[in-house]
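There are 2 protein chains.
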Amino acid sequence: MGEHKLNLSTLVFSVAVIIVVSHSARSLALKHSPRFLRKSAATGTDFAPPQFYYETRYFQQRLDHFSFSDLPTFPQRYLISTEHWVGPQRLGPIFFYCGNEGDIEWFAQNTGFVWEIAPRFGAMVVFPEHRYYGESTPFGSAKEAYKDATTLSYLTAEQALADFSVLITDLKQNFSANDCPVVLFGGSYGGMLAAWMRLKYPHIAVGALASSAPILQFEDIVPPETFYNIVSNSFKRESFTCFNYIKQSWNEITSTGQTYNGLERLTKTFNLCQKLKSTGDLYDWLDSAYSYLAMVNYPYPSDFLMTLPGHPIREVCKRIDGAPAGTNILERIYEGVNVYYNYTGKEKCFELDDDPHGMSGWDWQACTEMVMPMSSNQDSSMFPPYEYNYTSVKEECWNDFGVKPRPKWITTEFGGHDIHTTLKKFGSNIIFSNGLLDPWSGGSVLQNISESVVSLVTEEGAHHIDLRPSTQNDPRWLVEQRETEIKLIEGWISDYHQKNKAVSDM
Amino acid sequence: MGEHKLNLSTLVFSVAVIIVVSHSARSLALKHSPRFLRKSAATGTDFAPPQFYYETRYFQQRLDHFSFSDLPTFPQRYLISTEHWVGPQRLGPIFFYCGNEGDIEWFAQNTGFVWEIAPRFGAMVVFPEHRYYGESTPFGSAKEAYKDATTLSYLTAEQALADFSVLITDLKQNFSANDCPVVLFGGSYGGMLAAWMRLKYPHIAVGALASSAPILQFEDIVPPETFYNIVSNSFKRESFTCFNYIKQSWNEITSTGQTYNGLERLTKTFNLCQKLKSTGDLYDWLDSAYSYLAMVNYPYPSDFLMTLPGHPIREVCKRIDGAPAGTNILERIYEGVNVYYNYTGKEKCFELDDDPHGMSGWDWQACTEMVMPMSSNQDSSMFPPYEYNYTSVKEECWNDFGVKPRPKWITTEFGGHDIHTTLKKFGSNIIFSNGLLDPWSGGSVLQNISESVVSLVTEEGAHHIDLRPSTQNDPRWLVEQRETEIKLIEGWISDYHQKNKAVSDM
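Chains as they are written, first to last, in this note's numbering: chain A, 1485 to 1990; chain B, 1485 to 1990.
These are computed hints drawn from the structure, not numbers from a lab. Incorrect hints may appear among the rest.
You can't tell identical chains apart in this list, so a pair holds if it fits in one copy or across any two.
Said to hold, decoys possible - Derived lysine-lysine pairs resembling DSS-like cross-links, with alpha carbons at most 27 Å apart: (1) K1656 / K1892; (2) K1892 / K1983; (3) K1983 / K1752; (4) K1731 / K1752; (5) K1909 / K1983; (6) K1802 / K1752; (7) K1720 / K1802; (8) K1656 / K1878; (9) K1888 / K1656; (10) K1909 / K1985; (11) K1983 / K1908; (12) K1909 / K1971; (13) K1761 / K1878; (14) K1656 / K1832; (15) K1627 / K1909.
The structure displayed is predicted, hence computed values, not measured ones.
Generate coordinates for the entire structure from the input sequences, incorporating the hints supplied.
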């Protein structure tokens, strides 16, 4: 009989939890640590053409900033626009987006806020790509870079921060812009990088907008069930029956899977292109849908990850709840997830693994530094109950990559256990923006820390909605949130100019 | 004719400047960047037995904290005393000395201040050794660790800081001392590490006493002639004629060296054990003496580096100036440097190179990160004029180690160009203590930055005299300086306790 390994989620900006379900009693074991981006998201080149004008350039980076090993350099791609920059004489600011785990063009396209506000600030805009993603791969190709633990070894957050600092220093010199203030932006993991930049490289920038940045999702800083509770609540708030249908569906899937021809029936019910190999693969496919839906639960239609209606969870629950009487649970679930996987109606059938052969950089990061404990609570979560088990994470990481995670490293390097004190004493000019619908908000900073380290929390916001391009459908609170952010950034720059003037007047 | 390469200095806590003198016109070229410690200092085991009680332990450290390369770990030695520690219940502080470039037992012995104040604070005392020094060598032995650029590669300040942070985190856990405040201490390069720890790892400790820490001795932050000007002034303030004898002596050495049998005559005049190979070796030997004398120009007898009288430069100049009429310049110089090299009178003759076969870790650090520009100014310095030339530094480093320096890295990583702003906004609880007689004081922070980032400057102090064991001859200003330091440290700890209490009362 043995155990099946079930992919419970592969999420865009979210968690990839791979769960082991035994046939006798369901015992769940987390395989991978969380993932923010679905494997195939932000890694292809088939997304829409850029809406914003920029040049693409490359900067030769050291592979290891913290040793003097004789390693090959690699070209870090960055997108740059000086179209609206008022230049060094007028101390035009530099808006610098901390690239996260994907193709930087995709992030540039989905971070309209930075492009839209640049003209009013007279700002240069720079979108550097994170090492090992997109075109910024060491060793000549993604294939070589992702070959094994030896080549992946330098894919760490600290190296990425050093890349940013070296690039900024070089750009400033090349543009004679040494005195131009740099403002950092980042969403999700990129938001974590932006916030950490403020703590680790305070001399490099004047402030950071860290949107949906779960810098506290480590060790025991926040309860491990937080993420799935928030996803679950996003469904519960739309409809308690919907929440319950989903909560019941897992047992239904497991028991169906155990019957004769059960996997074939599930394959048919969920309209899968290939025959289902294990119920776990279906778990994973559904978990992905729910968790990503919670992240992109925007109040207007979007096609950030998938083409979706506004308030997509409302739409999912409408379909789950609204199916004709007599529809069984699994058919209802299928109707629901169709909103996520097939809102355009173009899909003929569904492939469960969206990137069967690719290796995910984030999986490596989750197996090394980004060890984010996640549980699913029997009472409050609509997902199968699961208790976080570091031992199995460690084993899986060893099997997958031949690497041992360092679960305490992030808090040793960046702090976290008493982050309020650290941010209060040592941080300044950081906006932690979060929408409470976003499951990652639970691991983020949700309180004002000081006069200049502030938290902007929106009840109805989802994953870094503030960074997205503005739309005609933006609700009032979103317009206001962005106005507040602009005012805060203006404040940082004006403080900087005043200090600068005071120094040059001396 | 070609050029001779002259070792102008090999200094304990000071500069190693290797100078190229052409026979026609003296053109000087800096070879190595500065060195704080004489090669043989703090690397042997022949110094006095420890005065303070401690245990010696070892902690397995990663060789590269910032990558996941499969490298061997290495045992980091640390000395630890819990003799006076009041324990975790009473939140007994942890006094943590940031080990610098040498054997940690030597530093422990020469940092009496920490040991002496520990009982009154009920503090644990920890002296961790800096990687690649003393017994804390990777790859099984110093020979292997120092083999080439590949093995030396991980000898960097950032790795050392990460070692400290990981060790502190581990110690806190093992002693159930998570809430115990850590106070950092460090002198010279160790002081730089202590100060940088406050900027890079603010969550790890509550404050740092950074004594004689020249964190500004990089790029063009301070004028490159600062160091040698301060050494020169230390001689000039004792006697202008003495200063002038020394200033004239270099030409005298060069011209003597060029004559028939000149090197033999110099060998005899300076009582050297082996025949002088080039005048440059003599330059180096003399430069070392002067620069180290300036650093250890303490007001009481000491045997920190050498057995010396109190006010040793006064004594040197007394001998140079006081030689009988008719004594020539070089004989005067010889009489003078005898104070440094042979105050005990035990030396029969002098070896110029104190560590002919050893490799110096600091030379590696100076050839990679610690690129500290140094010049000697024609007018104000008593040393041969020399203009800093990065190109030759680069060439020499390539020849010596096969490594390319990164002269801008330290300021990119730690800041420096606008350190006042950085320290004011992001630093707290740092004491920068400096004695103005110390040539390294010129590259240090000499002004109060904020209420909690303060500068303690003593007119008559030399290189981190405040960290030394107290003596019965301590002048009033030194006693007062240490009292001020103790009060400031008490303040950090009491602030920490208050904050801690406020949190636990909530």
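Status of each hint after checking the structure:
In this homomeric assembly, K1656 and K1892 come within 27 Å of each other (Cα to Cα) only across copies, at 13 Å, whereas the closest approach inside a single copy is 35 Å. With identical chains, the CA atoms of K1892 and K1983 are at most 27 Å apart between copies only, with a shortest distance of 25 Å across copies and 38 Å within one. Neither within a single protomer nor between protomers do K1983 and K1752 lie at most 27 Å apart by alpha-carbon distance, with minima of 67 Å and 61 Å respectively. Taking the shortest Cα distances, K1731 and K1752 sit within 27 Å of each other inside one copy (21 Å), while across copies they are farther apart (95 Å).
In the homo-oligomer, the alpha carbons of K1909 and K1983 lie at most 27 Å apart both inside one protomer (20 Å) and across protomers (12 Å), since each shortest distance falls under that limit. For a Cα distance limit of 27 Å, the shortest separation of K1802 from K1752 inside one copy, 22 Å, qualifies, whereas the shortest one across copies, 101 Å, does not. In this assembly of identical chains, K1720 and K1802 lie within 27 Å of each other by CA distance solely inside one copy; the values are 12 Å within and 89 Å between copies. In this homomeric assembly, K1656 and K1878 come within 27 Å of each other (Cα to Cα) only across copies, at 24 Å, whereas the closest approach inside a single copy is 42 Å.
Proximity of K1888 to K1656 under the C-alpha cut-off of 27 Å is restricted to the inter-copy arrangement: shortest distance 23 Å between copies versus 38 Å within a copy. Taking the shortest alpha-carbon separations for K1909 and K1985, both the intra-copy value of 25 Å and the inter-copy value of 17 Å come in at or below 27 Å. For the homomeric pair K1983 and K1908, the shortest alpha-carbon distances inside one copy (21 Å) and between copies (12 Å) are both at most 27 Å. Taking the shortest Cα distances, K1909 and K1971 sit within 27 Å of each other both inside one copy (23 Å) and across copies (21 Å).
With identical chains, the CA atoms of K1761 and K1878 are at most 27 Å apart within one copy only, with a shortest distance of 25 Å there and 61 Å across copies. When the C-alpha separation of K1656 and K1832 is checked against a cutoff of 27 Å, the pair qualifies neither within a copy, at 51 Å, nor between copies, at 58 Å. Neither within a single protomer nor between protomers do K1627 and K1909 lie at most 27 Å apart by alpha-carbon distance, with minima of 44 Å and 44 Å respectively.
Hints 3, 14, 15, counting from the list given before, are not met by this structure.
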